[in-house]
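Which chain is which? The protein sequence lines are G and A, in order.
Here the first sequence is numbered in our numbering, starting from 1 and rising by one per residue.
Here the second sequence is numbered in our numbering, starting from 1 and rising by one per residue.
It is possible that some hints are incorrect.
[Unchecked claim] Where chain A lies over chain G, by a calculated footprint (3+ residues, C-beta under 8 Å): (1) 162-175; (2) 216-226; (3) 238-244.
These are computed hints drawn from the structure, not numbers from a lab.
Predicted model, so just to flag it, every value in this text is computed and none were measured.
In this text, a Cβ means the ideal position worked out from N, Cα and C, and glycines have one as well.
As a plain string of letters, each chain reads:
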Amino acid sequence: MLAAMLSRLARMVVVMLGISILTFLIFFATPGADPAARIAGRNAAPETVAAVRHDFGLDQPIWVQYGAMMRKMFITGDLTSFVNRGEKIVPTLRAAAPVTLSLVAGAAVLWMALGALTGILAAATRGRWPDKMLMGLSMMAVAMPVFWVGEMVNLITQSRLHNTWAFSWVPPLGYVPFTESPLRWALALVFPWLTLAFLYIGLYGRMLRTGIIETYQEDYIRTARAKGLTARRVLLKHATRSAIIPVVIMFGMDFGVLVGGAAVLTEVVFGLNGVGRLTYQALKVLDLPMIMASVLYASFFVVLANAIVDLLCILIDPRMRRK
Amino acid sequence: MTDPTPAAPILTVRDLRVSFAGARKSWNRVVHGLSLDVAAGETVALVGESGSGKSVTSLAMMRLLDPATSRIEGSITLDGHELLALSEADMVAKIRGQRATMIFQEPMTSLHPIYTVGDQLIEALTCHRPMAASAARKAAVALMERVRIPDAARRLDDYPHAFSGGMRQRVMIAMALASRPKLLIADEPTTALDVTVQGEILSLLKELQAEYGMAMLFVTHDMGVVAEMADRTVVMLRGDVVEEGTTEQVFRAPRQPYTRALLASVPALGSMAGEPVPLRFPVIDIATGAATPGTPLARQPDFSAPLLEVRDLVTRFDVRGGLLRRKVARVHAVENLSFAIHPAETLALVGESGCGKSTTGRAIIRLAGGQSSGSVRLGATELFGLDAARLRRQRREIQMIPQDPLASLNPRMTIGEALVEPFLEHRMGPFAAARAKAARLMDQVGLAPQMLERFPHEFSGGQRQRLCIARALMLDPKVIIADESVSALDVSVKAQVVNLLLDIQERTGIAFLFISHDIAVVERISHRIAVMYQGEIVEIGPRAAVMETPLHPYTRRLIDAVAIPDPARRHLRRSQPPSDLMNPIRDLSFVPPSRRYREATPGHFVRED
Chain G
1 MLAAMLSRLA
11 RMVVVMLGIS
21 ILTFLIFFAT
31 PGADPAARIA
41 GRNAAPETVA
51 AVRHDFGLDQ
61 PIWVQYGAMM
71 RKMFITGDLT
81 SFVNRGEKIV
91 PTLRAAAPVT
101 LSLVAGAAVL
111 WMALGALTGI
121 LAAATRGRWP
131 DKMLMGLSMM
141 AVAMPVFWVG
151 EMVNLITQSR
161 LHNTWAFSWV
171 PPLGYVPFTE
181 SPLRWALALV
191 FPWLTLAFLY
201 IGLYGRMLRT
211 GIIETYQEDY
221 IRTARAKGLT
231 ARRVLLKHAT
241 RSAIIPVVIM
251 FGMDFGVLVG
261 GAAVLTEVVF
271 GLNGVGRLTY
281 QALKVLDLPM
291 IMASVLYASF
301 FVVLANAIVD
311 LLCILIDPRM
321 RRK
Chain A
1 MTDPTPAAPI
11 LTVRDLRVSF
21 AGARKSWNRV
31 VHGLSLDVAA
41 GETVALVGES
51 GSGKSVTSLA
61 MMRLLDPATS
71 RIEGSITLDG
81 HELLALSEAD
91 MVAKIRGQRA
101 TMIFQEPMTS
111 LHPIYTVGDQ
121 LIEALTCHRP
131 MAASAARKAA
141 VALMERVRIP
151 DAARRLDDYP
161 HAFSGGMRQR
171 VMIAMALASR
181 PKLLIADEPT
191 TALDVTVQGE
201 ILSLLKELQA
211 EYGMAMLFVT
221 HDMGVVAEMA
231 DRTVVMLRGD
241 VVEEGTTEQV
251 FRAPRQPYTR
261 ALLASVPALG
271 SMAGEPVPLR
281 FPVIDIATGA
291 ATPGTPLARQ
301 PDFSAPLLEV
311 RDLVTRFDVR
321 GGLLRRKVAR
331 VHAVENLSFA
341 IHPAETLALV
351 GESGCGKSTT
361 GRAIIRLAGG
371 QSSGSVRLGA
381 TELFGLDAAR
391 LRRQRREIQM
401 IPQDPLASLN
411 PRMTIGEALV
421 EPFLEHRMGP
431 FAAARAKAAR
441 LMDQVGLAPQ
451 MLERFPHEFS
461 GGQRQRLCIA
471 RALMLDPKVI
481 IADESVSALD
491 VSVKAQVVNL
501 LLDIQERTGI
511 AFLFISHDIA
521 VVERISHRIA
531 VMYQGEIVEI
541 GPRAAVMETP
551 LHPYTRRLID
561 AVAIPDPARR
571 HLRRSQPPSD
581 LMNPIRDLSF
591 VPPSRRYREA
601 TPGHFVRED
């Protein structure tokens, strides 16, 4: 167990190192994307560009720059933006992370619970109307783009019906830190959570339903039924536990990617200054330190979420323990 | 109700009809009016080949078929309950796992892989009768001891993957006994098991039946198992009962041609005593019942010079593990194997699963992977040490017939394409010649040349195996390695394919390495037999010598374990302890002991232990 966790950790470091080098190289190897010219602005005089290049250390060999950047990011923590020189990267990222984490974690709880419910209900009533209805709904959920759903939600809750009894409690767009007021934190996030979770409820529900139905073909389900277990017990104890493993693995991927910034559309629609939005803005102006930091942050969460999911799978399925 | 059995039946089935939903709301009937009775303490066997409806019948009795796609009509009365009139809730509360329990064919997949054996046993105990956790645990240990699982208390917390197939089937039996059922339905319970394990499980079932006095419905295709287990036998063919009677009657004086054909195709161990050469199975016309006795093989092997000579063949696989995936152990799959095959000779390699017989077959054509060493000579060519291109050319001379013909035929290629491909690949001639040869071979294996345009799924299992034989013959090989090639086939089909192999040998003088666990078939087809145990040959010699005077204890045990289709031997009990695990995984430091062989009679060698 310890060996497995250590090798997991080692792999995480290797993955992050690889990603950082790749990001760095893409930034410099992309033709026509001279970072100095970018920073100096349009129509800058060659002398200005040269000055900027020297100023930012861009005239040094690439590996020196890479080393300096890594040192500033992880050791001294005083990495500053190329574009907005006063801006310290690490604190900015640290301020954005809780927003994204709050958004994704809350949505994840929702989509896992509702997705599992959808899948189990649909599988239990396979071919009958609850199944057909749930599958129709989840198809819609998967088909509707998140930014459109978000805008519609805003239209209703913030504008059209905001002054009715139903939505008057909805706070204005934006994020309230949990430490400031847990209640207002939750209220502000209710609709972002629902909007983000919507798609995944549909996706996970369909996936779990298929998994459970496939599991019903297994010999051990026949054994369980021949034992005289009730239909409910066969469904919940014997079929669902096997079928949930691929869903959990999928969850690890999705959760990591979303925390890493893929929730950007939801963040933008609901005015949340999260990591996704930060990354998007840094990309627009090719702000290398910011891109670097947020990409590394994202890869950290993807790898971490996967490691956690691996451990979870080992808990669910003992066969994965012997390796 | 008139009742043919002396004791009042526990289970009475009358006019049972089972249909499955077909295309466009039609119903296809697969069981047409089956009636049978099973009394307490009695065993009734339901015998038939695949597609006879025997398994469907057993599932119908537990009402385990999906009600949305199946229809069960008629009457099934178990212990006073009319099962077809009960609600699903009543089936759960009163019948399944209570009055009737079931064990299945595949012990490897019939237990839930992610719960411990104890969990699953305790669940079977408590789902009908609530009891305290400690009491349930005690009862589970008692059940495991009753089915003779060694070290039961400790093994209760193990997961199914830590058990061998035989031990898992014991767990299944323990689970089925949990509620002291009135009826135990056993659906091919030993088909997936090795012979020695099969013998153990059958003995166990007999003992437990006597102890519990339960009725047993035994579904099987294996006439040997029927003869050993059943008081009465019901023979099914395509959903109909064709013959019914006491097992004695059915075996001694079968009335129906189909039963006669079925019994004639069953290889009976010992039936070859006194026969000098391999003998074809008798052929019985199912329509008329006319019998043609099997003819012996006319062509004799040429023992002047070996065709394929294997010397000191060793195949090992590394087991890796730990943080840096270092070698932690080694599987000694094949250890110091030596044998020779002569032209027109069949050498059989017999042994139980995991003994290395299949690995040997693959190592000879260097497809085994792992590390192999030793020497394999085909005529004058040494196969080990050939470069890839020359090895490829040599593979033409040695062809394989696989165990699973469907899996080894590409579903997207017509049979014609599949047959022509190796011929063209080895540049043996133009396309027209290849087609002509394919058509001729189809004829030889008993299929119409017009079928070359069909796809594999359009053939039956036996036909597919004929196709694989035809494909192997396309390259005019000198040796064919037949790896469990007839094991998955129905008995009557198996007999036909064995006859076909003998025909081919007679005509072409091909040599076979016949790898099989089925000793009764091996006895019929082979000239010489090699018995493998844990990667080594323990005994090798002429067929008659090995079968009639087995010298090594393992050979004796293997022969003793085979179920003989002779009801007179029914009451013999085997007195063998459960076999030890066959595990060829060794430490890295393991040095295989050097072996010596004693020549008992000319050509009959036995390992000295």
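Here's how the hints hold up against the structure:
no.	hint	in the structure
1	162-175	violated (count 0)
2	216-226	holds (count 8)
3	238-244	holds (count 3)
Of the numbered hints stated above, the single one contradicted by the structure is hint 1.
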